[in-house]
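Based on these hints, arrange chain S on the given structure of chain W.
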Amino acid sequence: MPREYKLPMTLIEGHAEVLLLLDDKDRVLDVRYSGTDVRFFERFWVGLPGDELPRVVPMICGVCSTSHHVCSAKALDHVYGVEAPEPAKRLRRMLNLALHFNNQLLHLVAMGLPSLANSEVKGLQPLAKARPSLVLRGLRLARLGLDAIKVLGGRPIHPVVAVGGGVVRLPPRDELEKLAEAMKARLGELREVLEEAYTLVVARKELIDEVKLATRLAIATRDDRGAYELTYGETVVFEPGGGELARIGHDYQKALEEKPVEYSYVRHVYHKGKPLFTGALARFLLCKSYGSPEADELRDRVREELGDKPLSPVAYHYARLVEALAAYHQLLEELQKPLEGEHYTRPARASGEGVGVVEAPRGTLVHHYRVGEDGATEYVNIITPTAINAASIEETLRSLAVGEKPSKELADRINLVVTCYDPCMSCATHMVRVRAVRARGGRR
Amino acid sequence: MPVRLAVVPLTGCGGCEMRLADILARRSELLEGIEVVYWPLVHSARELPERVDAAILVGTVATERDAKLVREARKRARILIALGTCAVFGGVSSQADYMVKKKLVEELYGQLRGVPGLVRTRGVTELVEVDAAIPRCPPPEDLVEPVLEALVRGQRPVPPVRDSVCSECPRMMEPLEGVDPEKHFRPGLPKPGEVDPNRCLLVQGYLCLGPVTSGGCGAACPRAGLPCFGCGGPVSLIVERPDLDIPTALATVIAGLFGLDPAKHTTRILRTLVRTYGLRRFYVFTLSSRQLLAKPRGYARRLMAERRVGRRLAERV
Numbered sequence: 001m002p003r004e005y006k007l008p009m010t011l012i013e014g015h016a017e018v019l020l021l022l023d024d025k026d027r028v029l030d031v032r033y034s035g036t037d038v039r040f041f042e043r044f045w046v047g048l049p050g051d052e053l054p055r056v057v058p059m060i061c062g063v064c065s066t067s068h069h070v071c072s073a074k075a076l077d078h079v080y081g082v083e084a085p086e087p088a089k090r091l092r093r094m095l096n097l098a099l100h101f102n103n104q105l106l107h108l109v110a111m112g113l114p115s116l117a118n119s120e121v122k123g124l125q126p127l128a129k130a131r132p133s134l135v136l137r138g139l140r141l142a143r144l145g146l147d148a149i150k151v152l153g154g155r156p157i158h159p160v161v162a163v164g165g166g167v168v169r170l171p172p173r174d175e176l177e178k179l180a181e182a183m184k185a186r187l188g189e190l191r192e193v194l195e196e197a198y199t200l201v202v203a204r205k206e207l208i209d210e211v212k213l214a215t216r217l218a219i220a221t222r223d224d225r226g227a228y229e230l231t232y233g234e235t236v237v238f239e240p241g242g243g244e245l246a247r248i249g250h251d252y253q254k255a256l257e258e259k260p261v262e263y264s265y266v267r268h269v270y271h272k273g274k275p276l277f278t279g280a281l282a283r284f285l286l287c288k289s290y291g292s293p294e295a296d297e298l299r300d301r302v303r304e305e306l307g308d309k310p311l312s313p314v315a316y317h318y319a320r321l322v323e324a325l326a327a328y329h330q331l332l333e334e335l336q337k338p339l340e341g342e343h344y345t346r347p348a349r350a351s352g353e354g355v356g357v358v359e360a361p362r363g364t365l366v367h368h369y370r371v372g373e374d375g376a377t378e379y380v381n382i383i384t385p386t387a388i389n390a391a392s393i394e395e396t397l398r399s400l401a402v403g404e405k406p407s408k409e410l411a412d413r414i415n416l417v418v419t420c421y422d423p424c425m426s427c428a429t430h431m432v433r434v435r436a437v438r439a440r441g442g443r444r
Numbered sequence: 001m002p003v004r005l006a007v008v009p010l011t012g013c014g015g016c017e018m019r020l021a022d023i024l025a026r027r028s029e030l031l032e033g034i035e036v037v038y039w040p041l042v043h044s045a046r047e048l049p050e051r052v053d054a055a056i057l058v059g060t061v062a063t064e065r066d067a068k069l070v071r072e073a074r075k076r077a078r079i080l081i082a083l084g085t086c087a088v089f090g091g092v093s094s095q096a097d098y099m100v101k102k103k104l105v106e107e108l109y110g111q112l113r114g115v116p117g118l119v120r121t122r123g124v125t126e127l128v129e130v131d132a133a134i135p136r137c138p139p140p141e142d143l144v145e146p147v148l149e150a151l152v153r154g155q156r157p158v159p160p161v162r163d164s165v166c167s168e169c170p171r172m173m174e175p176l177e178g179v180d181p182e183k184h185f186r187p188g189l190p191k192p193g194e195v196d197p198n199r200c201l202l203v204q205g206y207l208c209l210g211p212v213t214s215g216g217c218g219a220a221c222p223r224a225g226l227p228c229f230g231c232g233g234p235v236s237l238i239v240e241r242p243d244l245d246i247p248t249a250l251a252t253v254i255a256g257l258f259g260l261d262p263a264k265h266t267t268r269i270l271r272t273l274v275r276t277y278g279l280r281r282f283y284v285f286t287l288s289s290r291q292l293l294a295k296p297r298g299y300a301r302r303l304m305a306e307r308r309v310g311r312r313l314a315e316r317v
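Chains as they are written, first to last, in our numbering: chain W, 1 to 444; chain S, 1 to 317.
Bound conformation, chain W alone:
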């Protein structure tokens, strides 16, 4: 009888399972990372209007809806053969910055830092009791990002203003000013929260050496001078410490291969057969500057602490701290410049094919559409950061678990590592379970 025990795990967005396959000596033979539900966003909009896609795809994920929204509008620009006017591009960029700020901070206080706690029960509420100044203040600050998305995008969750060709409206100037004032007034509070978070992350510094990334390739976006840019940059596959191997553009399929695996609703993604990691850490390793002196200072402090190229999933948390600060500063700077002028370009054609690429909080996001002459959607392909990270998560868990005996400690460690990557299983699933199964006859 194959023995099977379930150790459900938490503190990620969505459902996934980690399966441990055991040999006949009860040691882990192999590890599988599996997404366990599915919503078919890539199929169900076929036949429905293509111009509605930017309003529908945010519903893939309520946590990072804004990145899907912006990515979708970029893909539709390409479909319709137009370039969005500069003010529209700036609004889209600001939307994405607001989301990144919200998301990196939210992840840290609600999932990341609770996962690092040494307590039996880990979670937002226990941590909030111990450190209200960090958790409650952090969450309230993160809300500023949502307030910004509401002003910029019409709604805080599932924004609506971006369309193929630009944006349907620019926000009123007085609301932008009010937002900028609110953000300026709370910068000091943000510094305090990030400092307290930094202390907690550094307190578990030993994890950096204990858990290493098992994959060497990464994918992220930078501007043409190598600085932090989430929305209108160049996306590259690179080797941290080595060179850039490929550019991800409209022909993304040349550099990224999608492979279904039989145990998951999430397709794995590879570059020339090799897994990749993406997200805050990949951007940390790629970008020469964060476009904000204060964020660069914090980045330098992290480098002093961990070395130049910290290749551990735990380093994601450090990168999130830097990003929360960088995105805040960049958004504040943008808010203080006037945002006006033409914000929409009429489509040059009704139908076509297009690809949009942006950085979502969890990494590189690709939307690829084909729209027919009648305006109806014909084809949708979406590569989410979590799909890109899936193979890397699996490899890293393998390096951690193979040969070990399943135990509570191992399960906790696996959960901790999965939370570092911050997988967002929404387009797929809702809860991580660790399930140990003894492989029949000890075969792989």
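To be clear, the hints were calculated from the coordinates, so they are not data collected in a lab.
Glycine residues also receive a C-beta, built at the ideal position from the N, C-alpha and C atoms.
Below, simulated BS3-like cross-link-like pairs (lysine-lysine); rule was C-alpha separation at most 27 Å, straight line:
(1) 259/W - 274/W
(2) 191/S - 89/W
(3) 102/S - 68/S
(4) 191/S - 150/W
(5) 274/W - 309/W
(6) 337/W - 150/W
(7) 337/W - 89/W
(8) 288/W - 184/W
(9) 103/S - 259/W
(10) 102/S - 259/W
(11) 408/W - 212/W
(12) 178/W - 337/W
Not everything, but these chain W residues come out facing chain S in the computed CB check (under 8 Å):
(13) 34
(14) 48
(15) 136
(16) 146
(17) 157
(18) 262
(19) 343
Using the frame of chain W, we list chain S on its own:
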């Protein structure tokens, strides 16, 4: 004693959970009145505990596991809330039921093993009785806060009722005189600069579901310049009255706009709408909801039938 609260995520996007977390952070007195005993997003509890005072279900039932969780939650929680359009009507994921899911799985993934099986997408209200059902995507703060306040007091929340999106829309809806409804409507979204920012989008010839959709969003889309696409779910009148359905109710409103007798002209207008936009547009968030499948004229049912025969039937209204 704090209220033992479980937030139970089914298949969905997490947007409703974002809303809950945001409210609890801002109103920490509510957080103090609650003991989170299960909420995988932000808490390490591995299973739904045996004893739960209140459970909030978010997301839609799309897998066998979802269905099991919903029934478990009903058994264990004294008060059960369905939060969001997905939990109440099935939500946007229900569009997958227009296709044959088994075929979609084969196309996208090939052979799968060991993942939970898929079921018809539906709201939790089709499986269990809930104490309050609050649609919208996600429900706005001022609708969720009273629910949490009631839970903290240990009371069953009173489900909030809101008027349509139109009631919150600043655009002017003026009668259309001397216009042929059959030539009035055009496909596609309004293009910025080509529409009057102050006039009703239906009046300007675009499909806006505002009159038949639950408000609470502050008419975010029409305010921005886009017609309502129905994410709040149908207004309560359509849910309560078996004779009313989303497309027929909208056609009746439009007949009124044109100064036409609804009894005589609703069907003609409905035909025009369906010819221009297709029936699926009326059920983007509610396609496989039993409440709408059961309507006597059965438009949602016809859509689901198209799936089986593999061609468009619903154009024949």
